[in-house]
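Construct the entire structure; sequences and hints are all you get.
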Amino acid sequence: MIWVVIALKYLILLLICLFVMVVFVNSRTGDKINKAALLVLRSASAAVPEGKRWVIDKGVVLGRSSECAVSLPDPYVSNRHARIILQDNRYYVTDMGSTNGTLLENHPLTTPQILRNGSQLQIGGFTLKAELPEQSKADRSFLLPLFPGLILGAGSLELYREQLLGVQDITLLAVAALLLVVSSFIAEYKEKGAPLLIHLVGVLSALGLVFIYRVDPYYGSRQVYWVMAGYSLFWLIQIFLSEYRRLLDYKYIFMVLSIVFLVFTIVFGVEAGGANRWLSLGSFRFQASEFVKIFMVIFLAGYLEENKEILRVGTLKFGRFYLPDWPYLGPLLVICGFSLLLLVFQKDLGMALLFFATFLVMVYIATERSYFLLLGLGLFSVGAVLMYYIFPHVQSRMLIYMDPWQQLDGGGYQVIQSLFAISGGGIFGQGLGSGFPKLIPAVHTDFIFSLIGEELGLLGVLGILGIYYLLIWKGFQISLNAHDGFGALLACGFSSILALQTLIIIGGVISVIPLTGIPLPFLSYGGSSFVSNCFLMGILYKVSVESERDIDEQEASMRAVMMDR
Amino acid sequence: MQDTVKKFLVFITVCFLIYAGYLIHLVMVRGPALSKHGANPRPWIIENRVVRGGIYARNGEKITDSTIEGDKITRKYYYPLPYAHLTGYHSRRLGKTGLERAYDKELLGQHGHSKRNLEARWGIDRTEGENIYLTIDHELQLKAWELMSPYKGAAVVLDPRNGEILAMVSTPSFDPNNDSLEKNWDQLRQNSGHPLLNRSSQGLYPPGSVMKIVTAAVGLDKFPQLGNEYFNCQGEITIQGRVLHDLRVHGSVDLKRAMALSCNCYFANLGMDIGSEDFTNGLKDFGWGEKIPFDLSVERSPLKKDSLQSPNALAESAMGQGEILVSPLFMALIAGSIGNQGVMMTPYLVQDIRSPEDRVVWKQGPRILRLVAEPEAAWQVQEAMMGVVRSGGTGSAASLPGINVAGKTGSAENPSGPTHAWFVASAPAEQPRAAVSVIVEHGGQGGTTAAPIAKELLRLALLREG
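Sequences listed follow chains W and U, in order. Numbering of the first sequence is given in my numbering, commencing with residue 1 and proceeding in unit increments. Numbering of the second sequence is given in my numbering, commencing with residue 566 and proceeding in unit increments.
Source of the hints: derived by calculation from the structure; they are not laboratory data. Do not take every clue at face value.
[To be verified] In silico DSSO-like pairs for lysine-lysine, Cα to Cα no more than 30 Å straight-line:
| no. | chain 1 | residue 1 | chain 2 | residue 2 |
| --- | --- | --- | --- | --- |
| 1 | U | K571 | W | K251 |
| 2 | U | K571 | W | K192 |
| 3 | U | K849 | W | K251 |
| 4 | U | K571 | W | K190 |
| 5 | U | K572 | W | K192 |
| 6 | U | K572 | W | K308 |
| 7 | W | K58 | U | K571 |
Note that the coordinates shown come from a computational prediction; the quantities given were computed from them, not determined experimentally.
Structure below.
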């Protein structure tokens, strides 16, 4: 009996650890490209035996000079003859203005060309073959897409044993599991795109469902519907949004939408949980700021993409610094300042902080000017000090952060209970269903991380941190590989939002930074939060799909050129 | 743009690493303290499904246990006053102290991963917590309480060979039974006698002349020939223009005689001869400024770096006045270690922890805490202390027939009234099986008030040991 209970209590923790491990191992095998090599088929010199291999790594220069990584001692080879470079996970070969030219597959090189597996290069009297490990999706994982389903299964078994779930809940969870697993499989077996995104989101959503159900099945069943809505939105974006570039045309509409949403919330907003952030439509409340954060990123990405050159060079002089002209800087400051003001009046400090930080990061990344960062941080400090003196709720938040123990039963109660919960979990946790969620107010929304810490322990929360980190890391990879600036800015804006939101709420919950209540993406209960984050993921995924398509199109056009010859 | 993206990714990575590090710190380092924190309601929820374990004295005498009456579990303390400072109290409203707090997890059966503990944690059945067995000798404890209860003060009896605490009382005391405790709480807190304070481990007192043991040991470590040297006591000694008076003129004295008569001039002079650096190091060797690991919290004896610089401060400290402070437990450890050839054993109060099936699941054993003096020096001090208890010495009231006792009296001056009466001793002096320290607040002379109590405790302790 006890062994069954132990197995059920810790199965979910085991699955999390396993998942992180499998993802890690898979990403390692993805690094095979680093083992790419050049193989000598025909040699013109005794110093270079046939069959010799050079590892290309991130790129090499080929030439007669002994300083070249690939040294080819032959009078027909120029000193620095050709080079191979790695870009966007592809190898390109270029002739460096050699005397006798370079032949790729018997065609002389004039422009940089993609080097493919098995291509033959002729340089002087040498023939070299490129050996590039296939980086295609040949090694599709059958295991990874199953994890969301496994986690939901393991969770619902134990919750059922603890009599926290009814049969009806199990049915709903089974539907959710099916949805998550099928989505992951589609992504894994689709030709393009980054399936890891979907796996990570799937696992987070599954964990969220388990723990929300564990707190209260009422919220759990509602969250199942939100998961369905979010995933539907995700796939609708994949089907109906032909190109993410089309968002660029509507950037001002997104700006106007942001402002309208926020103003509406101020005017018609309903207060809940100390913040006036809910917009009520009949019986249906939604949190406008969750959508505004995405609209804002789309607007910023578009605006910055169009104006980044101008924003980089300043004309207004402030001491040693140059700032761009008002017509370019103005709209940025207005939208940012306006939304911040609205959020602050809504008492939604977490969102205000998230908006401001995202804004700053995007401007910094687009313009590559660190004085924007310094200026922003300066403004932030001034603003923070002002708010501290103007708004009593900011002041009380700060005091709680400085010493929560002063207000054991008052303002500090929530944070302290959260610390008790996480530290009480120990390394392995109390086991699923054995914590005390009722002791922490808002445990199913902002404080779900504490409950996970209590029941899955240090290993569990480190696993969750790892999953978030992988998600964010993948987002930035997509940004780095995006084909155009708009895509790169979109991807990095969305990744930054995810990163900052995760850091802000987890930091608050473990009391590293002052607590400002915002949902933990995909884990916390909340329809607006889940659906808007799916929207975000949808566009991020779209960017990843299109960046691969761009490479393929390039390849296809190149093949066409060759055929002409 | 790629560069700035990468820079930001590095920043995010660092943030995640900091968070991970902080989480590890929170769970591994702060975890144990947080789980025992008074504001943490979790243990109280577990209390509802576990019958809290009992606390037993050395030979199985029941001190505390929990009984179920209907649906309510009540905690009963069978010997409330003598044991209050050891067991501590256990109240939903007031929290937990003493062993109830220190061994909360064990008493609730939440420590470890045995089947029973897991069942308790997961609420499969209402189970029982583990029982704690103390090193306390029940009869000795009751005797110590009986002897001390007319006074304010503390008494500690321990076995210097292994560090087992045989008796430990602090007076005045309180009744930890819940109904009485909660009713009298305000009065207990405001009482000027501080009944809630465990004086034996948390009270810090000036040691008075019992400090001369330490001065002698440190002196012998520095001057091995000290035992053969004589000093002429003229009844007062002038240090930098300040005159320190002695009780009377002792004339020419050596170490043994100075100890037996508790000659202030001799030890003031010895302290100055040792010098501030060596004296400070000597105190450190004895454990000043160091934490004493123990089952209950112990107030550490402070050691300020600059306090022993002037000759006056040095002389005063050497005879036990000035800024030197000790707890009764620490003083018992010192007396014991002198008798135990300079080896101070780590004190412990909990002998073992047993499961409800009476199987030992955890055990404490003797551990060396530190070496305080060379065996040769320790024996010379021990010999000098035997002179204190012989007729003519200041502590002759503690002599036992047929057994050599090594002891030292102390009368510690303090700002709030008559001197505190100290007596520390160990017996049999040649190879002590028991060491005792007694302090009676404002009890006057150590030799008249504290020594008879110490004698009774030693007699009974040796008798009980057989």
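Hints versus structure:
1. U:K571 to W:K251: 26 Å, holds
2. U:K571 to W:K192: Roughly 24 Å between the alpha carbons, so the hint for U:K571 and W:K192 holds.
3. U:K849 to W:K251: 73 Å, violated
4. U:K571 to W:K190: 28 Å, holds
5. U:K572 to W:K192: 28 Å, holds
6. U:K572 to W:K308: Cα-Cα ~18 Å, so holds.
7. W:K58 to U:K571: Cα-Cα ~17 Å, so holds.
Comparing the model with each numbered hint stated earlier shows that hint 3 is the single one that does not hold.
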